[in-house]
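**Student:** Sequence order for the protein chains is Y and W.
Position one of the first sequence corresponds to residue 1 (the working numbering), numbered consecutively onward.
Position one of the second sequence corresponds to residue 1 (the working numbering), numbered consecutively onward.
Hints should not be assumed to be uniformly reliable.
Result set (DSBU-like, lysine-lysine): computed pairs, CA atoms no more than 35 Å apart in a straight line [claimed, not checked]: (1) Y:Lys162 <-> W:Lys21; (2) W:Lys154 <-> Y:Lys178; (3) Y:Lys162 <-> Y:Lys178; (4) W:Lys154 <-> W:Lys21; (5) Y:Lys158 <-> Y:Lys178.
If you want the footprint, here are the derived chain W segments under chain Y, 3+ residues with CB under 8 Å [said to hold, decoys possible]: (6) 16–24; (7) 52–61; (8) 64–72; (9) 75–84; (10) 118–126; (11) 133–144.
Reference excerpt, derived from the structure (chain Y facing chain W, CB under 7 Å, subset only) [as the list claims (entries may be wrong)]: (12) Gln39; (13) Ser103; (14) Leu110; (15) Pro114; (16) Val177; (17) Gln231; (18) Ser233; (19) Cys336; (20) Trp339.
It should be emphasised that the hints constitute simulated quantities derived from the structure, not laboratory data.
All C-beta atoms, glycine included, are put in the ideal place defined by N, C-alpha and C.
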Amino acid sequence: MGAEAVRNAIADAGLAPEDVDGMLSYHANDSTNAMALSQDLGVRLDFFMDCSGGGSSTEALVGLAIGAIEAGMCHTVAIFRSMNGYSEARMGGSQAAGRAAPSVVAGGALDSMPYGYMTPAQMFQFTFARHMHEYGTTNEQLARVKVAHSNHASNNPKAYYKSRLTVDDVLNSRWIVKPACHLLDCCVETDNATCIIVTSADRARHLRQRPIYIMSVAGRVMKPFAAMHYQCSPITRQAGYYAQRIVFRNAGVEPDDIQLTGCYDAFTFTPVLLFEAYGFCPVGEGGQYVSSGTIDLGGRRPNNTSGGHLCEGYTHGMNMVIENVRQLRHQADDSCPGWAHGEHSYDYREGGCRQVQDVELAMNMGWGTPSMTSALIIRR
Amino acid sequence: MGNAVDDERPDHSEVTVGEYKSLQLVVLPTDSEHRGYFEEARQHRLVVQRCAACGMLRGAIGAACPFCTSLDWSWQPVSGRGVIYSYQIVTQAVHPAFADWVPYPVVLVELDEQRDVVWNRGLEDESVSLRVIANLVTSDPTVPEAEENVAIGKRVEVCFVDLDDTTALPQFRLSD
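Let's have the full structure, built from the sequences with the hints guiding it.
**Tutor:** If you want it as structure tokens, here you go:
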């Protein structure tokens, strides 16, 4: 699966396998590695790293690829992620079907697992509950994130879940963890592999596709006391509070300039906190931001036009970056017959177009936990 | 398993094992902090680490003091009283061990000691408090509190589930 993804990305870029001389990946002991993939594809690498890392690693690795290229360590880096996130290693260690649940608890897990506290929905829930308590964020507002992303996914033939959903569909789905996570507030555990190619602008200009330029990267940026960040108030503040200083300064743009966002939507709540932290709306008003139409296709600043983790599939952060590259190429692979040539109808009804018109500047906001983030601004 | 590597593994003869809801709570020989924590709990004392250099308490077990980086510390008993700072109700049994408990509350308890210490000179409007994770339980500490009784701001106090002669697990229950 990993080999297929890297192979497809190399072909899409118009590269030969031997043009790839660098590989970066991240994993949670659940992935194939660069040594295996390079061998599969017959590639000899001058640079590779398989980093241990969770969500928000994607954007950070784009930054590391730039560093490796500018340091002269290699010329072209394939960043990949390969994970059996449904059938094998599920986030939080809950058992996949047919596998025994872990029963031995040791080390840092002694502070949490004896309390039946181990999955991401639980690990983030104290932040979500406190945000609802302090700012009045509602389940209906959260459901609007799922509604928007499902509308987008309905125009993505590759999305895992393509059905358009309503607020009531979300509110009537069964609870996983209260007060913020119904089943449909949670993303889709998925077996998948993904790849992003990073190379120098000079080289990219001579390849098959229009290059998309990297304006700035931040990552992985943390809050104080990141390992047990609930010690540090305000716990409703996402680490983007710090990262936004880096990513906007280095790109020379402001939130208002961004036309398209891609947020790590592990849960409907995570974009709410990212939009606040990165300054797309005032603190406490993330619920209004996501339910105002702003993030919908056709809105002021669409978010996760592929359907994101909630609907396209959970890729640990990769697919939102890939989607923004597609969008900036004006090649969203929707149902418009001429999408590959940038010909779109901009009719966003179900089964139609998902290309954002005339989009030039896009941003990704990665989430690891409330205390961890990365960000990426790219342009056409 | 017949693996030659087995002989190279650490000696686990001193491992302390407490069994709780079918989970094996294992304190490795290299984890003296958790050993002390659970042993103090068996004496029905909730303890936190106190820095020997600056005297600050820390809310999460760690090797160094986040306020001054000193490596020297001792256990400091605290009152075990505090307030529910945030909460969650777990309705999906995330582990078979908790299948008989759903729906059950997990609470973030802010202890009464050392609240709201200004962090980083207040430059980022941040403060640090002692906050620990546990279940909210009833007068029987093996029974989870009812969902409707869980709310941010309610007062709580520590209680303990004895696991064996040497270890206990701290929990919290509602108080006045």
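**Student:** Each hint should be assessed against the structure and marked as holding or not.
**Tutor:** For each hint, the structure was consulted:
1. A threshold of 35 Å between alpha carbons decides the hint, and for lysine 162 of chain Y with lysine 21 of chain W the separation of about 40 Å lies outside it, so the pair is violated.
2. Among the hinted pairs, lysine 154 of chain W with lysine 178 of chain Y is consistent with the structure: their alpha-carbon atoms are about 18 Å apart, no more than 35 Å.
3. Between the alpha carbons of lysine 162 of chain Y and lysine 178 of chain Y the distance comes to roughly 26 Å, so the proposed pair stays at or under 35 Å and holds.
4. With a C-alpha separation of about 27 Å, the suggested pair lysine 154 of chain W and lysine 21 of chain W falls inside the 35 Å cut-off, and the hint holds.
5. Restraint check for lysine 158 of chain Y and lysine 178 of chain Y: the C-alpha separation of about 31 Å stays at or below 35 Å, so the hint holds.
6. Residue count for the stretch 16–24 of chain W with a Cβ under 8 Å from a Cβ of chain Y: 5. That meets the three needed, and the coverage hint holds.
7. Counting residues of the stretch 52–61 of chain W whose C-beta sits closer than 8 Å to any C-beta of chain Y gives 3, which meets the bar of three, so the coverage hint holds.
8. Only residues whose beta carbon comes within less than 8 Å of a beta carbon in chain Y count, and the stretch 64–72 of chain W has 1; fewer than three means the coverage is violated.
9. Look at the stretch 75–84 of chain W against chain Y: 0 of its residues bring a Cβ nearer than 8 Å to a Cβ of that chain, fewer than three, so the hint is violated.
10. Only when three residues or more bring their CB closer than 8 Å to a CB of chain Y does the claim for the stretch 118–126 of chain W stand; here the count is 5, and the claim holds.
11. Given a C-beta distance limit of less than 8 Å, the hint that chain Y covers the stretch 133–144 of chain W holds, as 3 residues qualify and 3 suffice.
12. Interface hint status for glutamine 39 of chain Y: violated, as the beta-carbon distance to the closest one in chain W is roughly 25 Å, over 7 Å.
13. At its closest, the beta carbon of serine 103 of chain Y sits 6 Å from a beta carbon of chain W; the interface hint therefore holds under the 7 Å criterion.
14. For leucine 110 of chain Y, the suggested interface contact is upheld, since its CB lies about 5 Å from the closest CB of chain W, less than 7 Å.
15. Proximity of proline 114 of chain Y to chain W holds as hinted, the smallest CB-CB distance being about 6 Å (cut-off 7 Å).
16. Below 7 Å, beta-carbon pairs count as interface contacts, and valine 177 of chain Y has one with chain W at about 5 Å; its hint therefore holds.
17. Hint on glutamine 231 of chain Y holds. Least Cβ distance to chain W is approximately 5 Å, under the 7 Å limit.
18. Look at serine 233 of chain Y: its Cβ gets to within about 5 Å of chain W, closer than 7 Å, so that hint holds up.
19. Residue-level restraint check for cysteine 336 of chain Y is violated (minimum Cβ-Cβ distance to chain W is 40 Å; threshold 7 Å).
20. Interface restraint check: tryptophan 339 of chain Y against chain W, minimum CB-CB distance 39 Å, threshold 7 Å, status violated.
Violated hints, listed in ascending order, are 1, 8, 9, 12, 19, 20; each of the other numbered hints is respected by the structure.
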